[in-house]
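If you want the building blocks of each chain, they are given just below.
Protein chains: 2
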Amino acid sequence: MSASSDRSKAGADFLQLSLAEAPAGGLSSWLAEQLRTAISDGRLPIGSRLPATRLLAAELDVSRGVVTEAYQRLTEDGHITANGRAGTTVVAAPLTTPPVHTQPLRAAYSGVVVSEPGLEVFDAMRAVPARLDLTPGVPDLAAFPRSAWVKAERSVLAELSAAEFGYGEPAGTPRLRRAVATWLARNRGITADPDDLIIVAGVAQALALISQVLRDEGTTELAVEDPGSLGSRQHLQSLGMVTTPIPVDSEGLRVDELRASGARVVLATPAHQFPMGVVLGGERRRQLIQWAGEGGVIVEDDYDAEHRYDRPPVPALRAMLTDRVIYLGSVSKLLAPSLRIGWMLAPPQYKPALVRAKRLADLGNASLPQLVLAELMESGALERQLRYVRRRHRERRDAVVDAITTHLPEATIHGAAAGLHLTITFAPTVDDVALARAALDLGVKTQPLSWHTQSTGPPGLVLGYAARTPADLTQAIPLIATALTQQDPLPLTQ
Amino acid sequence: MSASSDRSKAGADFLQLSLAEAPAGGLSSWLAEQLRTAISDGRLPIGSRLPATRLLAAELDVSRGVVTEAYQRLTEDGHITANGRAGTTVVAAPLTTPPVHTQPLRAAYSGVVVSEPGLEVFDAMRAVPARLDLTPGVPDLAAFPRSAWVKAERSVLAELSAAEFGYGEPAGTPRLRRAVATWLARNRGITADPDDLIIVAGVAQALALISQVLRDEGTTELAVEDPGSLGSRQHLQSLGMVTTPIPVDSEGLRVDELRASGARVVLATPAHQFPMGVVLGGERRRQLIQWAGEGGVIVEDDYDAEHRYDRPPVPALRAMLTDRVIYLGSVSKLLAPSLRIGWMLAPPQYKPALVRAKRLADLGNASLPQLVLAELMESGALERQLRYVRRRHRERRDAVVDAITTHLPEATIHGAAAGLHLTITFAPTVDDVALARAALDLGVKTQPLSWHTQSTGPPGLVLGYAARTPADLTQAIPLIATALTQQDPLPLTQ
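Chains as they are written, first to last, in this note's numbering: chain A, 78 to 571; chain B, 78 to 571.
Some clues are possibly wrong.
Remember, identical chains collapse to one label, so a pair may be satisfied in a single copy or spanning two.
Stated by the list, open to error - Taking lysine to aspartate or glutamate pairs in the EDC-like style, the calculated list, with each CA pair at most 20 Å apart, reads:
| # | residue 1 | residue 2 |
| --- | --- | --- |
| 1 | Lys428 | Glu460 |
| 2 | Lys428 | Glu487 |
| 3 | Lys228 | Glu360 |
| 4 | Lys428 | Glu334 |
| 5 | Lys428 | Glu197 |
| 6 | Lys428 | Asp293 |
| 7 | Lys428 | Asp475 |
Keep in mind the hints are simulated off the structure, nothing from the lab.
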């Protein structure tokens, strides 16, 4: 039964797996493929149980890690799920493997990639099926700590008084505000009074509340980075704000241009600029702080500050300047966007108005998930989770950078030292909307850089890598290279 | 060991409980009191485990129901909590029993009960400690199905695909919308397309979204019931709406007055008017439907429709009139306000704008709690919970009505046939703000009826009974009677 025994005789009743058919290397890949096929052809229907890794490894005479890795891959694909002691169960059939990248699956789908995207573009993009989804903005969702979450929730529910099921404080439960203050002190160098924190339903809600408070005081202009997040810009515009573009260069936001614009408030991502991934340089930082000291207000979206790989941590602006910075953070990139939990650290002059706006919006976030998150922060589970996903994200980052270097030598890589995405740019002759469309036709979902650019800039693609496996990323990049040679020769049906 | 054996010899090592000390009747009350004292004096510290009901019953030679009932009482008080197989644990010490109602505890507290309450009054009231909290608007929070919730959540998390942790649909998860549609069909006679449902963070958020959509189309006036919810009125006014009062009489909303007001939109509670508890009469219903057919819009807040005791179910207006009614419901009165989950059934002409407003507000409710709620609806657990709390609420309603009849013969009771609260009114000479203040000084928190009245009306108190035990209610009413004889003779320190 040792790893060196004659494997050609090993096998399992389960799926009639026979090691004799397995290639010499890549046992995990072989096993994953066998399982995927069995799920696909109905031999392993949805709801059926897989054997325990220990048992299957013994039957196949392989190390348990081989089986665990195969199960992990299928878990990441969303085909199976582990239920703790209840075992591992099939939950979804794989999509049919698309034909080798020659013919587009359905040309009509890629029609959602347009030059002038409207407010609904992100919903439309989400609805398009794509085998390889490199949409930026999401962490490794397969790594969500399901059992830790349930465990923390059980513990919270066991201790909760009946009154805590009633209406709570609009600014959030005191326990989560304390936990977030500790988190910010430990992880972002920010000293915050829990009373200055407002728990919100993510950064999107924070922007809505800030816009409302600014409009109430007569401010309707908000400077934004260019390139900068299309989603944020659309959101702010829909909320009635004018979004004045301020150029971003290799040192980050051009503070001289901000000053020249006359805008009084700026939305910025200093630690890891979206989408270019630039870190705001030391001199720019000083300039920005000086600008704020002269009456400016900085809305600091610290959206993925926790995710860094090859660089020292970048302190938050808020750590240096408490009175002029509205600091925003969330668990969307740390755990999952679907939790809709974020926080806003409000300077004294804005705090009462922001709390009032939160009250009017929804009376405050739901308390139970707030307390579960507090429990995960207090117990150290969230820091462990961060270390875990950081390792996984880094592997994925390495895989995508390798693949780009190999298959897309004409691309320039930006912002790969941190975060959950990177951006590649091309020569000015490339039409990045057409490129993204062609890539989508080949099953690879990306966002054209021009979506995020208000003035002119190089064409490119924004590639979210955190939610995809190294294998998927290694598959996706050559397809983008193929799309680049095609540049949308397909007749669009819409 | 039979119930008729010599109990004077029965006893338990646990707390040295001896049946010889127990009164002939009321074994449960005696046991609950022994436990309460032990928790209070530290013999049962927070975190300690109580013996299993079966074991303690055997040791004491009483029926198991005696022990279960005693545990249940302490659970309701929030002192202990049952953790399934992990047993029953002490979670909170009882407040020290206040002195017999002669001296006010702290006069300053009751200063929050003012004649002209501002937007912060509900937070301020919530912060005032009171032994007997009869604030309306909350169900029996001690009955929250903690273990069913965790079980449903574990089951949801076991099945969830990784992608479902990402950004979801602003209108809510399809699964919950289907479950709510089925719930409305079964329980409210409403046939709804799940696509017309928008999941929101409670009725408060629904009002914010509706106000925004109405303002965007140029409507800034919203007719409201008078008396009607102070909270809703303040909320709407803060959102920039003019709230035109329409009188309510014994048949409900005066539709002739609504018509005369010229308002185009009305917020109404037809099934159980807040705070008077009136059901909208048949003729009024016809008038209101006719008014809507001529261009009016009804925002129907079906806030506690599920809770009825001595009357047949009242169909929702939405069941009769789909195109002119924006229907609102939530789990705040069914499970707990702190969940912040509600729904809005939007007529076609408002649906796109309301979904857009929800997207701009927060991108959509968190998905996990939505799916847990869907699971509870689909499994029948929520209907079982409703039957369970309805029985408990009814007992409480009976207890408070009995106590009022006995101790407050001068009060007239309104709206006791359904809901989670009732309203009592007094002769016009009574100052209900002074009365509520005096009652609060005696440890009983209520809301003066005049808070909810815009024009003139009888003085009174709104009494939420659903969250209080019959014993608490039986204690609270005589204290209100005492307060009525005092009518605020205390010097206010603020």
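Hints versus structure:
1. Lys428 / Glu460: Answer is neither: 28 Å inside a copy and 42 Å across each miss the 20 Å cutoff.
2. Lys428 / Glu487: For lysine 428 and glutamate 487, the Cα distance exceeds 20 Å both inside one copy (49 Å) and across copies (47 Å).
3. Lys228 / Glu360: neither (46 Å within a copy, 54 Å between copies)
4. Lys428 / Glu334: For lysine 428 and glutamate 334, neither the intra-copy (29 Å) nor the inter-copy (41 Å) Cα distance is at most 20 Å.
5. Lys428 / Glu197: between (32 Å within a copy, 15 Å between copies)
6. Lys428 / Asp293: Result: close within a single copy only, 14 Å intra versus 27 Å inter.
7. Lys428 / Asp475: Answer is neither: 42 Å inside a copy and 45 Å across each miss the 20 Å cutoff.
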